[in-house]
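Undergrad: So the sequences go chain by chain: A and B. What the first sequence shows, in the numbering used here, is residues 1 to 449, in sequence order. What the second sequence shows, in the numbering used here, is residues 1 to 449, in sequence order.
FYI, nobody ran anything at the bench for these hints, they're computed from the structure. Hints may be right or wrong, so weigh each one.
Same chains, same label: a pair holds when it works inside one copy or across any pair of copies.
In silico DSBU-like links for lysine-lysine, alpha-carbon gap of 35 angstroms or less [stated by the list, open to error]:
1) K304 / K55
2) K167 / K304
3) K359 / K137
4) K137 / K54
5) K54 / K446
6) K167 / K359
7) K327 / K54
8) K359 / K185
9) K446 / K327
10) K55 / K312
11) K55 / K446
12) K304 / K137
Protein chains: 2
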Amino acid sequence: MLDQNSLSSPLSLIARLDASHENFPAQLSQLLAFEASEDEAIDRTAAQILADVKKRGDVAVLEYTNRYDRLSASSVQQLEIGQHELEAALASLAPERRAALEMAAQRVRAYHEVQKTACGSAGFSYTEADGTVLGQKVTPLDRVGIYVPGGKAAYPSSVLMNAIPAKVAGVTEIIMVVPTPDGIKNPLVLAAAAIAGVDRVFTIGGAQAVAALAYGTATIPQVDKIVGPGNAYVAAAKRRVFGTVGIDMIAGPSEILVICDGSTDPDWIAMDLFSQAEHDELAQSILLCPDAAYLDAVAASIAKLIATMPRKEIIATSLANRGALIKVADMQQACDIANSIAAEHLEISTDNPQQWADKIRHAGAMFLGRFSSEALGDYCAGPNHVLPTSRTARFSSPLGVYDFQKRSSIIHVSEQGAQTLGVVAAELAHGEGLQAHARSAEYRLKSKN
Amino acid sequence: MLDQNSLSSPLSLIARLDASHENFPAQLSQLLAFEASEDEAIDRTAAQILADVKKRGDVAVLEYTNRYDRLSASSVQQLEIGQHELEAALASLAPERRAALEMAAQRVRAYHEVQKTACGSAGFSYTEADGTVLGQKVTPLDRVGIYVPGGKAAYPSSVLMNAIPAKVAGVTEIIMVVPTPDGIKNPLVLAAAAIAGVDRVFTIGGAQAVAALAYGTATIPQVDKIVGPGNAYVAAAKRRVFGTVGIDMIAGPSEILVICDGSTDPDWIAMDLFSQAEHDELAQSILLCPDAAYLDAVAASIAKLIATMPRKEIIATSLANRGALIKVADMQQACDIANSIAAEHLEISTDNPQQWADKIRHAGAMFLGRFSSEALGDYCAGPNHVLPTSRTARFSSPLGVYDFQKRSSIIHVSEQGAQTLGVVAAELAHGEGLQAHARSAEYRLKSKN
Numbered sequence: 001m002l003d004q005n006s007l008s009s010p011l012s013l014i015a016r017l018d019a020s021h022e023n024f025p026a027q028l029s030q031l032l033a034f035e036a037s038e039d040e041a042i043d044r045t046a047a048q049i050l051a052d053v054k055k056r057g058d059v060a061v062l063e064y065t066n067r068y069d070r071l072s073a074s075s076v077q078q079l080e081i082g083q084h085e086l087e088a089a090l091a092s093l094a095p096e097r098r099a100a101l102e103m104a105a106q107r108v109r110a111y112h113e114v115q116k117t118a119c120g121s122a123g124f125s126y127t128e129a130d131g132t133v134l135g136q137k138v139t140p141l142d143r144v145g146i147y148v149p150g151g152k153a154a155y156p157s158s159v160l161m162n163a164i165p166a167k168v169a170g171v172t173e174i175i176m177v178v179p180t181p182d183g184i185k186n187p188l189v190l191a192a193a194a195i196a197g198v199d200r201v202f203t204i205g206g207a208q209a210v211a212a213l214a215y216g217t218a219t220i221p222q223v224d225k226i227v228g229p230g231n232a233y234v235a236a237a238k239r240r241v242f243g244t245v246g247i248d249m250i251a252g253p254s255e256i257l258v259i260c261d262g263s264t265d266p267d268w269i270a271m272d273l274f275s276q277a278e279h280d281e282l283a284q285s286i287l288l289c290p291d292a293a294y295l296d297a298v299a300a301s302i303a304k305l306i307a308t309m310p311r312k313e314i315i316a317t318s319l320a321n322r323g324a325l326i327k328v329a330d331m332q333q334a335c336d337i338a339n340s341i342a343a344e345h346l347e348i349s350t351d352n353p354q355q356w357a358d359k360i361r362h363a364g365a366m367f368l369g370r371f372s373s374e375a376l377g378d379y380c381a382g383p384n385h386v387l388p389t390s391r392t393a394r395f396s397s398p399l400g401v402y403d404f405q406k407r408s409s410i411i412h413v414s415e416q417g418a419q420t421l422g423v424v425a426a427e428l429a430h431g432e433g434l435q436a437h438a439r440s441a442e443y444r445l446k447s448k449n
Numbered sequence: 001m002l003d004q005n006s007l008s009s010p011l012s013l014i015a016r017l018d019a020s021h022e023n024f025p026a027q028l029s030q031l032l033a034f035e036a037s038e039d040e041a042i043d044r045t046a047a048q049i050l051a052d053v054k055k056r057g058d059v060a061v062l063e064y065t066n067r068y069d070r071l072s073a074s075s076v077q078q079l080e081i082g083q084h085e086l087e088a089a090l091a092s093l094a095p096e097r098r099a100a101l102e103m104a105a106q107r108v109r110a111y112h113e114v115q116k117t118a119c120g121s122a123g124f125s126y127t128e129a130d131g132t133v134l135g136q137k138v139t140p141l142d143r144v145g146i147y148v149p150g151g152k153a154a155y156p157s158s159v160l161m162n163a164i165p166a167k168v169a170g171v172t173e174i175i176m177v178v179p180t181p182d183g184i185k186n187p188l189v190l191a192a193a194a195i196a197g198v199d200r201v202f203t204i205g206g207a208q209a210v211a212a213l214a215y216g217t218a219t220i221p222q223v224d225k226i227v228g229p230g231n232a233y234v235a236a237a238k239r240r241v242f243g244t245v246g247i248d249m250i251a252g253p254s255e256i257l258v259i260c261d262g263s264t265d266p267d268w269i270a271m272d273l274f275s276q277a278e279h280d281e282l283a284q285s286i287l288l289c290p291d292a293a294y295l296d297a298v299a300a301s302i303a304k305l306i307a308t309m310p311r312k313e314i315i316a317t318s319l320a321n322r323g324a325l326i327k328v329a330d331m332q333q334a335c336d337i338a339n340s341i342a343a344e345h346l347e348i349s350t351d352n353p354q355q356w357a358d359k360i361r362h363a364g365a366m367f368l369g370r371f372s373s374e375a376l377g378d379y380c381a382g383p384n385h386v387l388p389t390s391r392t393a394r395f396s397s398p399l400g401v402y403d404f405q406k407r408s409s410i411i412h413v414s415e416q417g418a419q420t421l422g423v424v425a426a427e428l429a430h431g432e433g434l435q436a437h438a439r440s441a442e443y444r445l446k447s448k449n
């Protein structure tokens, strides 16, 4: 939470900062500070559940699920949702909602099909003068687990965004897990699973679901990778099974950073900030603009609009604790700050936004121009909405087809090639004290045989 | 360790298995079983060191380094090795060793240059009929840390394999850390750093080095990703800083799986198995062949050759505890078993090996044909020798240029595009109860303004 001294007024809904202020670097650092609480108790519980499911399989999964989700299933088989139930959920949707979900799926699929080609799915291979062939083969994962949170954060759009890239990559089987506390199923989530082509769905969650997917049980197949967001127990469990299976990122709170030149309708920008803030109290919404009067206008829009929002308490808390309207010297400084923030979502709401996008090195997704509201990307523009949070865009990428593929090197050394490579390898192997390596290379030398 | 019942003779140097035996699946599973010991004491110590370095910075790094590496440095600055010392190490090498190191570096660089192009480094972009532009921008990481183990496992080839892909990707600054217990520096490692273009080298190691790179100190710059192998403390520390920085895989013991048709000189294959076994007692060497007589011949070669190896104790322990010669029904079964093992290194030592390589879905690297000994790939063929171990080739890839890049989605929705996408996004946002998302999309609809 920001020091109240940094607020322009104790009553303002959102902090106002000025990048020219000598304290600004410290203020920005304070604003961005977020550390996922590393609760040792949660970590220990997750570890115990993992060990228990690894040992007792279905029996443990059933016990935890009945206990934590207040169910009374008598077998893990009963926790599976069949394809007919997924199809029924799809058929139950209002026509316009179903059409929207299908259009979103179609656009997400189309984008990831292009990505599949562009990210080198064909692999490569080249032949050297001596006939030696080197290359890389790209193959899809066999089986993937998708974790979908239950309860309030059960988002059908997340089902599409996690499952479709896996399908496009060519993953053979997609297993989805979604907890259903008190037995309440979300028909939109099941419909999204049907549309995305999820193969099997189990109503399990928490660390026990992660364990079941990572180790396999009699009923739940072992997967090769687990993706999708979850609560602190799920995150702790995923971190611990990393290596046994692949995992995606550990997601932090969602963030939006808007760079505006001061000419977009301030209501639009206020609502864009709200759209991030409404996710949860820890979400972060920041606006950078060189025009102080425009920041005033956005602040006024915030004050005017917030009362109209159904999720106004969450929005108000998020904006007050983690939001900021920041006056910058110019657009170049805005881009510099954006690179240091490495935001999950970056809106560049300006004329000719490409000139500024060219200066951005770190961002999960860039939304260019006044019409590219983040909400369009969240649902249906096509690119993935699973994006690196908490400055991890410095080193990681949107979820994509590449997350469901892996590569194998190809080394086919010709007899002639082995003569030159063998001498080099033997020399270096001797340098490292690995004589069997050296001998193995030397055996292939004609002069030594 | 294998049950002695599965051995053809209690005196044999390596287990003999038959894939047609009804117990084979259980025997194979027992053979492959390896679990990195999750020592809670090591994990706690690593956590304490991380917290201490995060809090006290250079002072803590200096204390731990002096204590664990038995040094008496008075500042972290003293622990930096300057470029002139790296160059001096390079100049000190015997000419043939320097030439070998430089040729290896040149070949590794050439391979990764091809990979850079093939893995989609140019990103992509496409324009839809309504003028909406979608795409992805690919950028290198700013700063990367490379961990190089000290002591007996200090391999100059690993310096090349970790640093060169980062350089090819365009990483701005590469920071290498390498512990120097008792102050002993390995000139080959320093020479490799000079050749690979490492920017700065610090003689620190352990969890304190991981902490320094992940959090930064007054002297050691914070990096965006840490790669490279280390001991159990290093692995525990890397696992814990994952998220603050990117990390590569947590490496397990090295493995080789050889598929042979029975026509390669058995001494060659025996030596290939040795070359893996000599790494350490936990390394794994397995041979699959449909010809029982050939397995006898390889067993005889092993018995004949092992006494000649300087590292014979390590080799004998590794082969006895984790090695196997496995009789398969045919080459198809060999490929099926290879897919279930998902080996780090897979040699296909046959005529026309491509026909079998086409059947392999899971392997870190494939070495095709009788002349492609794994040792050539370890040093100088060109592809990376940092490969997924312990069956992680099911979901992960050789270290590559792509590990030092990240992607940003590009979404530039046209005014016209916002009219169709906005309706869909608003419909789905209402379905998820996120009204600010809906409103943000609806503001861009002309009909609503």
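Undergrad: Taking the hints in turn, state whether each one holds.
TA: A quick look at each hint next to the structure:
Taking CA atoms no more than 35 angstroms apart as the test, K304 paired with K55 passes in neither setting, with 57 angstroms inside one copy and 43 angstroms between copies. Taking CA atoms no more than 35 angstroms apart as the test, K167 paired with K304 passes in neither setting, with 44 angstroms inside one copy and 51 angstroms between copies. Both within a single protomer and between protomers do K359 and K137 lie at most 35 angstroms apart by alpha-carbon distance, with minima of 34 angstroms and 12 angstroms respectively. Within a single copy, K137 and K54 get their C-alpha atoms as close as 33 angstroms, which meets the 35 angstroms cut-off; across copies the closest is 41 angstroms, which misses it.
In this assembly of identical chains, the alpha carbons of K54 and K446 never lie at most 35 angstroms apart, being 52 angstroms within a copy and 56 angstroms across copies at closest. Both within a single protomer and between protomers do K167 and K359 lie at most 35 angstroms apart by alpha-carbon distance, with minima of 34 angstroms and 21 angstroms respectively. Only between protomers do K327 and K54 lie at most 35 angstroms apart by alpha-carbon distance; the minimum there is 31 angstroms, versus 54 angstroms within a single protomer. Proximity of K359 to K185 under the C-alpha cut-off of 35 angstroms is found in neither arrangement, the shortest distances being 45 angstroms within a copy and 41 angstroms between copies.
In the homo-oligomer, the alpha carbons of K446 and K327 lie at most 35 angstroms apart only across protomers (30 angstroms), although the nearest pairing inside one protomer, at 72 angstroms, exceeds that limit. For the identical chains of this complex, K55 and K312 are neighbours neither inside a copy (46 angstroms) nor across copies (38 angstroms), given an alpha-carbon limit of 35 angstroms. Within a single copy, K55 and K446 get their C-alpha atoms no closer than 54 angstroms, and across copies no closer than 59 angstroms, so neither meets the 35 angstroms cut-off. Taking the shortest alpha-carbon separations for K304 and K137, neither the intra-copy value of 57 angstroms nor the inter-copy value of 37 angstroms comes in at or below 35 angstroms.
The structure does not agree with the numbered hints 1, 2, 5, 8, 10, 11 and 12 stated previously, though it agrees with the rest.
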